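Peer 1: Next come the chains, spelled out residue by residue.
2 protein chains.
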Amino acid sequence: MFKQLGLIGCGLIGGSFALALKEAGLVGRVCGFSATQQSMGLAKQLGVIDDLCTSASSAVDGSDLVLIAIPVQAIEGCLREIADHIGDGCLVMDVGSTKGNIADAAKAFLGDRFSQFVPTHPIAGKELVGVAHANAGLFKDRPLILTPLQETRADLIERAHRVWTLVGSKVHQMTPHDHDIAFAAVSHLPHLIAFAFMNALINQSAHEEFLSVAGPGFRDFSRIAGSDPKVWRDIFFANRSNLKEQITNFKRELEAVEQFIETQDSSALIKYIETSQVTRNGWTINS
Amino acid sequence: MFKQLGLIGCGLIGGSFALALKEAGLVGRVCGFSATQQSMGLAKQLGVIDDLCTSASSAVDGSDLVLIAIPVQAIEGCLREIADHIGDGCLVMDVGSTKGNIADAAKAFLGDRFSQFVPTHPIAGKELVGVAHANAGLFKDRPLILTPLQETRADLIERAHRVWTLVGSKVHQMTPHDHDIAFAAVSHLPHLIAFAFMNALINQSAHEEFLSVAGPGFRDFSRIAGSDPKVWRDIFFANRSNLKEQITNFKRELEAVEQFIETQDSSALIKYIETSQVTRNGWTINS
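The listed protein sequences correspond, in order, to chains R and S.
In my numbering, each residue carries its 1-based index in the first sequence increased by 79.
In my numbering, each residue carries its 1-based index in the second sequence increased by 79.
No wet-lab data here; the hints were simulated from the structure.
Quick caveat: nothing in here was measured; it's all calculated off a predicted structure.
Check before you lean on any hint, since a few could be wrong.
Given that identical chains are not distinguished, each listed pair holds provided it fits within a single copy or across any two copies.
Below are the EDC-like pairs computed for lysine to aspartate or glutamate, each with C-alpha atoms no more than 20 Å apart in a straight line [claimed, not checked]:
id: 1; residue 1: Lys323; residue 2: Asp344
id: 2; residue 1: Lys101; residue 2: Asp143
id: 3; residue 1: Lys123; residue 2: Asp183
id: 4; residue 1: Lys330; residue 2: Asp163
id: 5; residue 1: Lys219; residue 2: Asp129
id: 6; residue 1: Lys323; residue 2: Glu334
id: 7; residue 1: Lys249; residue 2: Glu288
id: 8; residue 1: Lys82; residue 2: Glu341
id: 9; residue 1: Lys309; residue 2: Glu341
id: 10; residue 1: Lys330; residue 2: Glu341
id: 11; residue 1: Lys249; residue 2: Glu160
id: 12; residue 1: Lys82; residue 2: Asp143
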C-alpha cells in the first residue's frame with residue numbers, strides 16, 4: 080500500500096504504527112527520526128524502523144506516508160520544517176490529542192501541501208511511553224478519529240481511512256472543532272477532575288491514612304491522575320475554551336447533586352444517580 | 080472458631096463471608112435470613128447457608144457470630160429487632176459503608192449488647208450484586224476496617240480481627256468518625272463526582288457522539304458512575320457533613336487548576352499535575 084513511511088517520533092504510538100504496518104505488509108520501508116538518538120537507536124534495534132534519519136525533513140523525503148507522532152507543542156515547528164519536502168501523492172498525518180490547533184498550524188505552514196494533511200487521533204492507552212512498549216496490536220479495536228478539513232484531498236482521506244482500518248482501528252470522522260468538543264467532554268475534563276481530586280486529597284494532613292484504605296473504586300477513578308504533566312499541560316492549554324465550557328457544565332451538575340443531598344431530596348437524588356448508572360452501564364468502549 | 084453464624088442478608092458480601100468461613104473451617108453451621116425468599120433459597124442451593132430462617136432474630140438465636148449484611152437504611156430496624164436475641168459471648172458485626180450512623184443506632188438500640196457490636200467495613204468491589212456472585216476469595220488481600228467504640232469488649236474486637244484476618248483481609252482499625260472522613264475522601268466524593276460528570280455529559284445533545292469516541296481513560300474514571308442508586312443515596316445522606324467538606328476542598332482545587340489554565344501559568348500547572356502524578360503512581364491498593 081505504501082512504499083515508504085516517514086516516521087517522525089519513534090515512541091509508543093509512532094513505533095506501534097510502524098510495527099502494525101509491517102505486520103500487515105502495508106509498507107516497504109520505514110525511515111524514522113526522533114529527537115533523541117537513544118530512542119531512534121532502540122527503534123532500529125527493535126525492528127520498528129529500517130533507516131535512521133538525521134532530521135524530520137529527511138524522513139519525509141521520498142515517503143508516500145508520513146506520521147508525525149511527537150508531543151503537541153512540537154508539531155507546529157515540525158510542520159514548518161517538513162512542508163517543502165512533502166511529495167505530490169504523500170499522505171501526512173499527526174496523532175495529537177487536540178486537533179483544532181494542529182489543523183490551524185497545518186493551514187498556516189503547509190502551504191500547497193495542506194490538502195495532503197489529515198489530522199488524526201488514535202485513542203489508545205498512553206500510560207506506558209517509549210518505543211520499548213510499542214506493539215503492532217495497539218490500535219486493534221480502538222477508536223481512531225480522522226478530522227479532515229474542507230480542503231483535504233478526498234483520495235487521501237480515503238487512504239487514511241483504509242490504512243487505519245487495516246491495522247484494526249474503528250475509524251470515526253468528524254471536524255477538528257467537533258473532535259475538540261467531544262474530547263474536552265470525555266477525556267480532558269476527566270483528567271482535569273482527577274488531578275484536582277488528587278490535589279484535594281493530598282492537601283489533607285491525614286491523606287496517607289485515607290489512601291491506605293482506598294479500594295478499587297478509587298483505583299479506577301484516579302488512574303488517569305497519574306498521567307504525564309507535560310502532555311496534559313499542552314492539551315489543557317490547546318483546548319482551553321472547550322474545556323472551560325465542560326468545567327462549567329460539570330460544576331452546575333455538582334451544585335445540583337449537592338442541593339439534593341443538602342435538602343435530602345431522595346427521589347431527585349435517586350433519579351440523578353439512575354441517569355448516570357443507566358448510561359454508564361449501557362456504554363461499551365468499542366462502540 | 081464459631082459454632083454458628085447468623086447471616087442477616089444473603090447477598091454478595093454476606094454470602095462471600097459465609098463461604099470464606101466455611102472454606103477456612105471456621106464455622107459449624109450458617110443460619111441465614113434474607114428479606115426475599117428467592118435469595119435465601121438460592122443461598123441454600125449454592126451451599127452458602129445451611130438453614131433458612133424466618134426472621135432476622137431467629138438467625139441470631141443460638142449464634143455466636145452474627146453478620147448484618149443488608150442495605151444501610153435497613154440496619155437500624157434490624158438492630159432493634161435482634162437486640163434481645165444476642166447471646167452472651169456473641170460477636171455482632173455489620174458491613175455498611177458508613178459507620179458513624181450505624182454506631183449511633185447500635186448504641187441507641189442494642190442496650191447491654193452494644194459492647195458486643197463491632198461496626199465493620201470490608202472494602203470489596205460491589206458492582207456485582209446478589210449471592211450468585213458470592214465467592215470465598217472476595218476479601219482476600221483487601222482492606223477491612225473495624226471501627227469499635229470505647230464501650231466495645233476487647234475480646235470481641237480481637238475475635239473480629241482474627242476472623243477477618245483468617246479470611247484474607249488486611250485489617251485496619253479506626254474510629255467510626257475517622258472512618259467516615261476517610262471514606263468521604265477516597266470513596267464517597269469520587270462517586271459523587273462520577274455521577275455529576277455523567278449527568279453533565281448526558282445533558283449535552285451530542286453526548287452519544289461523545290460516548291462513541293471515549294477511550295480507556297473514560298472507561299476507568301467513570302466505572303463507579305454505574306453504581307447502585309439506593310446504596311449511594313443512603314451513603315450520601317448518612318455521611319453528608321463529611322462529604323460536604325470534601326466537596327468544598329475539591330471545588331477549591333478545581334478553581335485553582337482552572338486559574339492556572341486561564342492564565343496559562345505553565346509551571347504552576349506542571350507542578351500541580353506532578354503532585355497528582357507522583358502520589359497516584361506511588362499508591363498501591365494493598366498498602
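Peer 1: Please go over all the hints and tell whether each is borne out by the structure.
Peer 2: Going down the list of hints, with the structure as the test:
Taking the shortest alpha-carbon separations for Lys323 and Asp344, only the inter-copy value of 15 Å comes in at or below 20 Å, while the best intra-copy value is 29 Å. Taking the shortest Cα distances, Lys101 and Asp143 sit within 20 Å of each other inside one copy (15 Å), while across copies they are farther apart (67 Å). In the homo-oligomer, the alpha carbons of Lys123 and Asp183 never lie at most 20 Å apart, since the shortest distance is 33 Å inside one protomer and 66 Å across protomers. In this assembly of identical chains, Lys330 and Asp163 lie within 20 Å of each other by CA distance neither inside one copy nor across copies; the values are 47 Å within and 49 Å between.
Taking the shortest alpha-carbon separations for Lys219 and Asp129, neither the intra-copy value of 23 Å nor the inter-copy value of 49 Å comes in at or below 20 Å. Taking CA atoms no more than 20 Å apart as the test, Lys323 paired with Glu334 passes in both settings, with 17 Å inside one copy and 11 Å between copies. For a Cα distance limit of 20 Å, the shortest separation of Lys249 from Glu288 across copies, 14 Å, qualifies, whereas the shortest one inside one copy, 43 Å, does not. With identical chains, the CA atoms of Lys82 and Glu341 are never at most 20 Å apart, being 65 Å at best within one copy and 45 Å at best between copies.
Taking identical chains as interchangeable, the C-alpha atoms of Lys309 and Glu341 lie at most 20 Å apart only when they sit on different chains, with a minimum of 17 Å there against 39 Å within one chain. Within a single copy, Lys330 and Glu341 get their C-alpha atoms as close as 16 Å, and across copies as close as 16 Å, so both meet the 20 Å cut-off. Taking CA atoms no more than 20 Å apart as the test, Lys249 paired with Glu160 passes in neither setting, with 31 Å inside one copy and 57 Å between copies. Only within a single protomer do Lys82 and Asp143 lie at most 20 Å apart by alpha-carbon distance; the minimum there is 6 Å, versus 77 Å between protomers.
The structure fails hints 3, 4, 5, 8, 11 (numbered hints given earlier, in ascending order).
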